[in-house]
Amino acid sequence: MRHLTQIRWRLACGLVAAAICAAPTLAEDTPLSKRIKDCAPCHGPDGNSRTATIPSLAGQPKFFILDQLIFIREGVRPVEAMAPFVKTLKEDEIVALAEHYAALPPKSSDENVDPALVVRGAALALRLRCASCHLPSLVGQEQIPRLAKQRIDYMNEVMKAYRDGRRKGGDSIMAATVFGISDADILALAHYAASR
Amino acid sequence: MITKNSRGKSFIAIGAISILTLGVTAALAQKPPVRRGPPGLSTMDKSDRTMSNQSQKLRPHRAPPIATALDKIPVGKLKLPAGFKAEIWSHGHVNGRTMVWGSKGTMFMGSRRIGRVYAVVDKGDRREVKTIATGLTHPNGLAFRNGSLYVFAIHKVFRYDSIEDKLDNPGEPVDLTQAFNLPPEIHHNWKYVDFGPDGKLYVQVGANCNICEFNPGIRGHIRRYNADGSGMQIVARGIRNTVGFAWHPVTGELWFTDNGRDWAGNDGPQDELNRVPRNQEGANFGFPYCHANGIPDRDIVRPNPCAGVIMPAALTGPHAAGLGIKFYTGDMFPREYRNVAFIARHGSWNRENKFGYDVVTAKVQPDGTALIQPFMTGLLDENTNAFFGRPAYVLQMPDGSLLVSDEQNSATYRISYSGPK
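Sequence order for the protein chains is A and R. FYI, the numbering for the first sequence is 0 to 195, going by numbering that gives the first Met the number 0. FYI, the numbering for the second sequence is 0 to 420, going by numbering that gives the first Met the number 0.
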């Protein structure tokens, strides 16, 4: 029952994304600005998402964006809403998009951050050694994403997906890190990260 | 309008979940408290999180999913014993790792994150790289038998029949996933597979954690099957994560590399090279209770953790990540290399001063242990703590030269010998 509801919820998110996002331009050799316009309806014109469960890209490490665009294009990280946008992307366009979003200033999420959950999340983050990879400021580095100022609803879903084996592609070290932790702990981590 | 409706429905659904959850919590509260681990940790994952100093030198490295340009491949940095030389044999197979030969001379490569399987065809003066499968989840396990390529992608198993006759259009493979019935978790479950001298297909299943207890009938072992996925037997257990094994050419015994646990310090426990002694199939190699040459685990404490555990034939270094192993049976290299194992060490990530990033030899001693010595070095600069490539697997060529795959640079190096024998 609960599982079914979660599937519906994800499906609904996909529909929202598909409805909001403009139809992709499939012509080859599209200029970068055109590509960026394709991304803006969901990820925000400045790379800061105001759409539920859609991640912010502003200030993400260049290599993280590059890796993910390639994994999504290859189908090893299947993201249905992204598929039409990435399937014609060439390596040099991916590098240019990665550089573009890496250079944009990240802004805080428009969601409400719960201070009590932030305190709890900070203690958990210490135990889970988040800073070893994501850095103490949680701004990320190289292939490891920025978590600071990321959307809470997005991180909440992604960490659960890692834990439950639904997140494909990328490294599996995140799966080992969140191995067996509770939904409540994941939510606290998401609030903590968003507050940074 | 559709958007609003979809969102509205979803929020109602979430509300319903919260009410259900509250109900369950209230029911649980009446039961006696269950002993749990520290908050934020699974009761199964025992790794001591407080050990971390949150050092930023302990993180995994990136394998660029774009091939290194030919003139940037660091073949010039490779150092080898006198008389040996290295050259680039193939390149452009993004993040290619495992290597097997087809019977008609095609070299097949598996990968991890990029999800591709490649066919490398020798055209004399150059190699042509074809991508024969994409979108798979860590298709690291490759084996070849009777014209068919077996591809293991975590729990999915595909057989491409007569593959070398149709490299440009491989078609749909035979799906053997159900027959093999492997666990679907991804972590430490990218496969290494190979046909043994007994004609059985040997398959690894890693522990899906850094350090935890698990059902030894499902995980943490090497198993073997008939080629159709029937007749599963466990061959060796108590293994954290082996992604390379081979059979000694003379004794026929199974040797395997095993990666030691992380987050327990820079110096270990060291990785292992293990030998499954003849007539001791099913033997226990210690994980998660006993590491390296008899070190009890610091987090999962039990009496006599190393009792009955077979000790490694050799330690292969802290966090060194020994992956591929092959025994040398060719005629090209000097006689002292005969039946010596070559082991590719991918190099450390969970260690402040990097270690490995090389190929070592393991010379089997009369007592069944092995002596580890450097063979191919130069990809690690200890002074700057920088690495330039990551050897993953080794493969003997028909002429007796040795191929080494470099996952980081999407290239293979051919090592040949032309000195005095």
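Heads up, a few of these hints could be off.
[As the list claims (entries may be wrong)] Dumping the calculated DSS-like pairs for lysine-lysine here, alpha-carbon to alpha-carbon at most 27 Å:
#, chain 1, residue 1, chain 2, residue 2
1, R, K420, R, K78
2, R, K78, R, K362
3, R, K155, A, K86
4, R, K56, R, K362
5, A, K148, R, K78
6, A, K89, A, K159
7, A, K89, R, K84
8, R, K199, A, K167
9, R, K165, A, K86
10, R, K122, R, K84
11, R, K129, A, K167
12, A, K159, R, K71
13, R, K78, A, K89
[Stated by the list, open to error] Here are a few chain R residues that face chain A, going by a calculated C-beta distance under 10 Å:
#, residue
14, P64
15, T67
16, V93
17, W262
18, D266
19, Q269
20, N352
If you're looking for bench data, these hints aren't it; they were derived computationally from the structure. Remember, predicted model here, so these are calculated numbers, not experimental data. We put the CB at the ideal spot given by N, CA and C, even for glycine.
Hints versus structure:
1. R/K420 with R/K78: holds (19 Å)
2. R/K78 with R/K362: holds (20 Å)
3. R/K155 with A/K86: holds (24 Å)
4. R/K56 with R/K362: violated (33 Å)
5. A/K148 with R/K78: Given that 27 Å is the threshold and the Cα spacing comes to 46 Å, the pair is violated.
6. A/K89 with A/K159: violated (31 Å)
7. A/K89 with R/K84: violated (36 Å)
8. R/K199 with A/K167: violated (30 Å)
9. R/K165 with A/K86: The hint holds at about 25 Å.
10. R/K122 with R/K84: Holds. R/K122 to R/K84 sits at ~21 Å (cutoff 27 Å).
11. R/K129 with A/K167: Distance ~24 Å between R/K129 and A/K167 Cα, so the pair holds.
12. A/K159 with R/K71: violated (40 Å)
13. R/K78 with A/K89: The given pair, whose Cα atoms are some 36 Å apart, is violated under the 27 Å limit.
14. P64: At 4 Å from the nearest chain A Cβ, R/P64 passes the 10 Å test, so the hint holds.
15. T67: violated (13 Å)
16. V93: Since the shortest Cβ distance to chain A is 9 Å, the answer is holds.
17. W262: holds (7 Å)
18. D266: Given a least distance of 18 Å, the restraint on R/D266 is violated.
19. Q269: violated (20 Å)
20. N352: violated (16 Å)
In the structure shown, a violation is registered for the earlier hints numbered 4, 5, 6, 7, 8, 12, 13, 15, 18, 19, 20, in ascending order.
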